[in-house]
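Protein chains in written order, with our numbering: chain A, 1 to 146; chain B, 147 to 394.
Think of the hints as simulated: they come from the structure by calculation, not from any bench.
A hint or two may mislead.
Unchecked claim - Pair by pair, the computed Cβ-Cβ distance ranges are:
{"#": "1", "chain 1": "B", "residue 1": "Pro175", "chain 2": "A", "residue 2": "Leu49", "range": "48 to 58 Å"}
{"#": "2", "chain 1": "B", "residue 1": "Lys151", "chain 2": "A", "residue 2": "Ile131", "range": "52 to 62 Å"}
{"#": "3", "chain 1": "B", "residue 1": "Asp191", "chain 2": "A", "residue 2": "Gly112", "range": "56 to 66 Å"}
{"#": "4", "chain 1": "B", "residue 1": "Arg280", "chain 2": "A", "residue 2": "Lys115", "range": "16 to 26 Å"}
{"#": "5", "chain 1": "A", "residue 1": "Pro15", "chain 2": "B", "residue 2": "Ser171", "range": "26 to 36 Å"}
{"#": "6", "chain 1": "A", "residue 1": "Leu50", "chain 2": "B", "residue 2": "Ser385", "range": "52 to 62 Å"}
Treat the numbers as computed from the prediction; the structure is a model and nothing was measured.
Each residue gets a CB set at the ideal place from its N, CA and C atoms; glycine is no exception.
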Amino acid sequence: MARAAHPHAMQSAKPSSTRTAPPMMPAQFPSSGRYRAYTLFGATGIVYLLLGFVTLRVVWALGSGEAAWNNLMSQLQNPLYIAFHVLGLVSVLFVGVRFFSLFPKAQPPRIGPAKPPPAPVITAGLYAAWIGVTVLLGAILAGGLF
Amino acid sequence: MSERKKTFVITRFDPDKDEAPRQQSYEVPVQKNWKVLDALNYIKDEIDPTLSHRWSCRMAVCGSCGMMVDGKPSLTCKDSLDGYGDTVEVSPLANFPIIRDLVVELEGFLDKLKSVKPWIVKAKEKAVEEGTHRQTPGELEEFKKFSLCINCMLCYSACPVVGNEPDFLGPAAIALGHRYNLDSRDEGDAERQEIFRGEGTVFSCSYANECSEVCPKHVDPAAAVNQAKFRAVVDWATSFVTTRGGEG
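Kindly generate the complete structure, drawing on both the sequences and the hints.
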């Protein structure tokens with residue numbers, strides 16, 4: 001059974017000439033059909049929030065000396081932490097793919113006299129930039145550049 | 147002609163008798179190639195004349211017969227029954243107040259539509275002797291798909307924001323406002339940008355893209371809403387160095 005929508009959803013400022021039943025949300029929202037991908041897209045925000053806390057902890061450990069840093073590094077070897085970071089990676093991949101698929105059509109037909117390139121070119125550019133940044137960061141983290 | 151029975155579970159609501167909407171089942175001998183609307187008309191004509199539903203053209207042009215079929219927004223004159231099981235649930239469009247049975251209140255939508263000034267705004271009307279407004283095929287192509295909306299309201303029923311934020315203008319109204327902003331003959335961009343930037347408007351959209359998925363005319367209102375966001379941001383940013391509307 002669908003849940004109730006906001007009682008004033010799609011209501012006119014003028015009072016209705018007849019008694020109406022309140023609006024209902026679409027029955028399948030939010031956990032089935034195509035809404036699932038949208039709901040998951042939004043739900044990844046929780047993963048990023050938690051990743052933010054982990055990052056703060058890393059920064060805190062960095063400022064607390066070598067012992068604190070080494071202690072945290074050993075804690076991060078815990079399978080639960082590893083599983084959480086795998087979840088974070090999957091979330092980023094999912095959001096990236098969905099965002100890249102929707103981004104091209106959000107471009108206006110022109111900005112001033114300039115027209116955006118065709119959608120496949122925009123998408124290819126986004127993926128190229130993503131892969132490029134990932135390779136660059138990987139090289140930096142592996143010590144290959146600095 | 148081959149036929150088989152399907153059970154239609156229809157939402158019924160009589161404002162004079164019912165406290166809340168209820169469901170009623172009907173057995174319908176469905177014929178091959180029938181649309182959902184054919185079954186509703188059969189119920190109305192042959193079983194229960196008290197059933198109320200809207201329809202008119204039967205060819206996906208008037209936009210009157212939008213309803214929820216098995217929980218999904220559907221233009222019932224276009225939606226074949228072949229894809230449904232033995233039981234089909236039909237209810238009024240989601241996110242709209244219900245007047246009676248499958249008929250919803252449209253006044254709220256018309257208020258939103260009017261607020262985006264869906265007409266060509268010109269500072270000064272051209273005199274007849276000056277000739278017609280010229281437009282190239284390229285200029286037409288920029289907004290053409292956004293002008294194909296038939297106001298069937300399926301996009302409003304699919305949108306997860308419409309049901310939660312009463313002030314949100316919604317997909318069709320923004321798409322139509324954006325259509326005029328893209329029209330080379332129009333000069334109302336600055337006025338509409340003020341409306342688009344106001345509370346509960348284009349930035350309320352969370353880009354679920356459901357409006358475009360359900361649109362029977364492939365208008366792609368999600369593209370229009372997100373292009374309108376882009377323009378609103380560019381207009382806001384350029385307003386620090388130019389007057390609103392992007393002109394120096």
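Those earlier numbered hints the structure runs against, lowest number first: 6
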